[in-house]
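Peer 1: One line per chain: the protein sequences are A and B, in this order.
All letters in the first sequence, in the order written, are residues 1 to 695 by full-length UniProt numbering.
All letters in the second sequence, in the order written, are residues 1 to 617 by full-length UniProt numbering.
Simulated from the structure, these hints should not be mistaken for laboratory data.
Bear in mind that the values here come from a model prediction, so they are computed numbers and not experimental data.
Honestly, I wouldn't trust all of these hints.
[To be verified] With a straight-line Cα cutoff of 27 Å, these simulated BS3-like cross-link-like pairs (lysine-lysine) come out: (1) B/K353 <-> A/K621; (2) A/K621 <-> B/K354; (3) A/K629 <-> B/K355; (4) B/K201 <-> A/K415; (5) B/K59 <-> B/K19; (6) A/K580 <-> B/K355; (7) A/K465 <-> B/K353; (8) A/K629 <-> B/K354; (9) A/K630 <-> B/K357.
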Amino acid sequence: MDCYTANWNPLGDSAFYRKYELYSMDWSLKEELRDCLVAAAPYGGPIALLRNPWRKEKAASVRPVLEIYSASGMPLASLLWKSGPVVSLGWSAEEELLCVQEDGVVLVYGLHGDFRRHFSMGNEVLQNRVLDARIFHTEFGSGVAILTGAHRFTLSANVGDLKLRRMPEVPGLQTAPSCWTTLCQDRVAHILLAVGPDLYLLDHAACSAVTPPGLAPGVSSFLQMAVSFTYRHLALFTDTGYIWMGTASLKEKLCEFNCNIRAPPKQMVWCSRPRSKEKAVVVAWERRLMVVGDAPESIQYKQLTIQVLLDRLVLRRLYPLAIQICEYLRLPEVQGVSRILAHWACYKVQQKDVSDEDVARAINQKLGDTPGVSYSDIAARAYGCGRTELAIKLLEYEPRSGEQVPLLLKMKRSKLALSKAIESGDTDLVFTVLLHLKNELNRGDFFMTLRNQPMALSLYRQFCKHQELETLKDLYNQDDNHQELGSFHIRASYAAQERIEGRVTALQTAVDAFYKAKNEFAAKATEDQMRLLRLQRRLEDELGGQFLDLSLHDTVTTLILGGHNKRAEQLARDFRIPDKRLWWLKLTALADLEDWEELEKFSKSKKSPIGYLPFVEICMKQHNKYEAKKYASRVGPEQKVKALLLVGDVAQAADVAIERRNEAELSLVLSHCTGATDGATADKIQRARAQAQKK
Amino acid sequence: MAFPHRPDAPELPDFSMLKRLARDQLIYLLEQLPGKKDLFIEADLMSPLDRIANVSILKQHEVDKLYKVENKPALSSSEQLCFLVRPRIKNMRYIASLVNADKLAGRARKYKVIFSPQKFYACEMVLEEEGIYGDVSCDEWAFSLLPLDVDLLSMELPEFFRDYFLEGDQRWINTVAQALHLLSTLYGPFPNCYGIGRCAKMSHELWRKLEEEEDGEAKGRRPEIGHIFLLDRDMDFVTALCSQVVYEGLVDDTFRIKCGSVDFGPEVTSSDRSLKLLLNAEDKVFNEIRNEHFSNVFGFLSQKARNLQAQYDRRRGMDIKQMKNFVSQELKGLKQEHRLLSLHIGACESIMKKKTKQDFQELIKTEHALLEGFNIRESTSYIEEHIDRQVSPIESLRLMCLLSITENGLIPKDYRSLKTQYLQSYGPEHLLTFSNLRRAGLLTEQAPGDTLTAVESKVSKLVTDKAAGKITDAFSSLAKRSNFRAISKKLNLIPRVDGEYDLKVPRDMAYVFSGAYVPLSCRVIEQVLERRSWQGLDEVVRLLNCSELAFAGLTKEDKASSESLRLILVVFLGGCTFSEISALRFLGREKGYRFIFLTTAITNSARLMEAMSEVKA
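Isolated chain A (complex conformation) (with noise of 0.2 Å):
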């Protein structure tokens, strides 16, 4: 105990510190770390190692080896290289390795040297090769930016979702800066560099330059600069052997340092003091090291949670562990045990030398039917490995049968995904996996399986009334759907032209398919409505007024109104219009055109098919008591004493009624006895209801 302080030594005044080694590294180094490119996952994630043969003049003759190293030095992979020349490496926050290539192209691998994905920073680069590259981390993920030998900047802030963005060009840069880094400012990363004297500041749209506030003078380049890992703080070395310290935004000094050596450094980082929440900038050169600061940093670091911890094991593939953790922190299953499961489940999918029905079984037995596993993402996993088959086992397990859709569409078994989607009731799902089908088939092979598929069918065609009304046609045609056809032909002669000829031309089309159909009323129909077309149209010529589009029995209403009776008369003998309608029609033009004449020469044409009491009728409609009362004598016994009450003779309906012993009419009658004159009737009418009681 007495020893308690004597391992730590003063630091200037009122500061100590001490050194003690925590743990040594378990490698052993080939190579010289500093003929490698190096790069440490933050959190003490793992560390790469790539010798760097590209940087020396002669060509390589070795291929190098990447090598993959736990924070303590554990070997967990290495692999010869066999891709072009690195610039860079970096970790992303998924602690998988970002290796960019001069050529732009950037490979990246997992933790145990598994290799994952490729991406390009753009064809540009191809050209002007990279120069230097960043790996940074932003809120939203990884990024990465280089420099290319066109001195342009290219940056992607999140390499999960790759959008690359050119940074606008630095007026006048002919040679690389002397320093650069990225920032993070507002939710947007920026570039920082340094030409000579000047500072600039890159964003999407502006190249703007920048000054630090209260730079000492004399400056004339930076030789670093560091940025804090919170992106809050910044520390620019200079050629005069200046430090400055400020805040990222070049807002505020923090504080300033003078150490005298100007011999640029190997590196320079912001790190936090022990048991303060100060930070400050450690500079390294060969021999030295040295610790500036006297910044308070409000924030500390974030500490990993349970969840990213969790994540750390499982990519350490330390199963057993991450589920007795969670079982000990009693995590629900969901974010638990299931998950670590499904982790398992793909690491298992990846074991080449297990057949599929094992690996199939052994994954179902384990996960059952736990809650919050996917099948369909293990499923995806073993498509990923090339193992298609057992995907489409592994699928069969996932009960949601919309879940199986995507993958089903990827491995290219878009009938199997389009009866799942069916299944899923999801009409979306189902019209996505359409379009792929109808993307990858051929006409023929796409119109057969949607006819098995009612629903999807129905779908479609929806879809195609809307949007591609000549698929819709083919649709019908495929099936021999002639009716369908025929309807659709009718439509179209409603959306076609002003043009007769056409509309007539799109109606034979249509009787053609009604025949086909065996659809005979429609065709004729249709026959029909293309005469009376053809027909409207010469009237139209010959006399002038609208006829098209017309009803036949208002184009006869028109010619009556118009006084063409003659012409009249013939099309309804060509129409074979029945007697009714046309006496209907008549009496109803005739009265419209207050032509009484006419109207009684009309109805003694013949005998009315329609009786005379709708003639009664429509005089009293247009209140002419004088011509209703001329039919009210001739209508039928029936409807006599309606017509009579209709046209106002209350005691001859009276009369009717009790000649006719009928009951309802009587008292029909006497409702109408309303009349001071009525009086007489009504009594008229109670004295036949009690004579006839008494019989």
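Guided by the hints, dock chain B onto chain A, whose structure is given.
Peer 2: Same frame as chain A, but now just chain B:
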């Protein structure tokens, strides 16, 4: 006069929460486009929107000008355009035309499309095809349940009927399932669940899936509504095709109630202005007559007018203090009542006038004859005359359909001749209407006797075979018989009347059709609720062509209060009529239940027929 509820009738849940939810979500969406913006609203969404958020709320959230979505170039000068639309392809093309016009003019604006109640992939695809997918941002306003009244929720989706029952389009089923899911999240799970019809079954299955996926919080909740009953409109077309004679239905048939309110024209208001009136339980006068047979309404209103007069007259003997009291406390209420009273009296007069002109009595007589199945020839002639005289295209069509369904299809001769007459009267384009009606099973031709049974047995065999059932699915309506007469007999839909049916004191649900007919849909609901299952209704279910499509799911009811078990949510897929609502309200009062109605839209015979009609482009 309006029937009071039984004292033990349960309280209705508070559905205003749905409005608040919808409003908050809309505001959230509008705020996603910060700054001033012009809002383009689809015509169909205007009235529902108005019930959720009025103009001043929109203005508060920086909506500058409001436009109707119509096929015209936009005059808006705003830098930000927001479109509130139904997910329809024609809307997408409209938006595309605006955006592309801007592009041509070199103009850059921000565009946002809010789909209600949900977006469809097909819409996004059209945006992509039109080359503007990257220029607009898309959002969903999941507003699918509008409380029109204390016991009535509407999805305001009239196109549901045509889309599903004519085109076989199942897109909206997901919307229904989502709406039911929302209800169970807010009001607890439904312990008892019944349904009939293919759409009902699919909606139910999809809804269950949603509940299972969520796996959740609703499970622990106490149910507020004890029963839910889903039914497809196509299992009872007859009721929807009848003329309505209960006041609310009659007002709907005559003036069209739109989104819970009605526009009374000058002939009703007896002034030169039209007046928009909200029709719901808050209108005290309306609330007392809405479920009444029309023949009682006039008498009731005049009695009410006399009472009102008497209350006004009390002023005469008052001293100053009493008068002051009267003016400050009662007068406003009386005046309000006075205003409503005169409007409803005006509406009644206007209805009477229209009905006498059309010889309403004859029409009703024909309808009753069709329902009872006598004097078929006479009814057919009546319909023919109706067509010959061009009384009304929609009415003629409705009568033809009623004849077809009650008679299991028209005999071939009538089928041809009525159609021919119809085309001559109303125009050849209706050939397409007839093709639609046939597909939907509304107007069909009787197959000759023997072959019919052969087809029927073949179809029923196919239906029991599940895979084949799917194939025949889309075309099943063609082979379906309505079997109305047999069903009517089994369920006793035509009450035997000894003497006059007293419409003032109804004795069963038939009063909504003057005592002539108990609505089939309501009778089925009554029977199932009574049995708490479909047991003993096998024959009816078979006749309804729903052998595989009737379901019941009951859970333990220990958590449900006895009060909640007397609340029943009835879901009409494809629309319900006010007559059905009145009938079930009556049933509820008789049995001490309360019904809550959820419908894809309010419908009536004219709306059904219009949905099937083809009009020239």
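Peer 1: If a hint holds in the structure, say so; if it does not, say that too.
Peer 2: Now the hints, each set against the structure:
no., hint, in the structure
1, B/K353 <-> A/K621, "holds, 14 Å"
2, A/K621 <-> B/K354, "holds, 14 Å"
3, A/K629 <-> B/K355, "holds, 25 Å"
4, B/K201 <-> A/K415, "holds, 25 Å"
5, B/K59 <-> B/K19, "holds, 18 Å"
6, A/K580 <-> B/K355, "holds, 25 Å"
7, A/K465 <-> B/K353, "violated, 43 Å"
8, A/K629 <-> B/K354, "holds, 26 Å"
9, A/K630 <-> B/K357, "holds, 23 Å"
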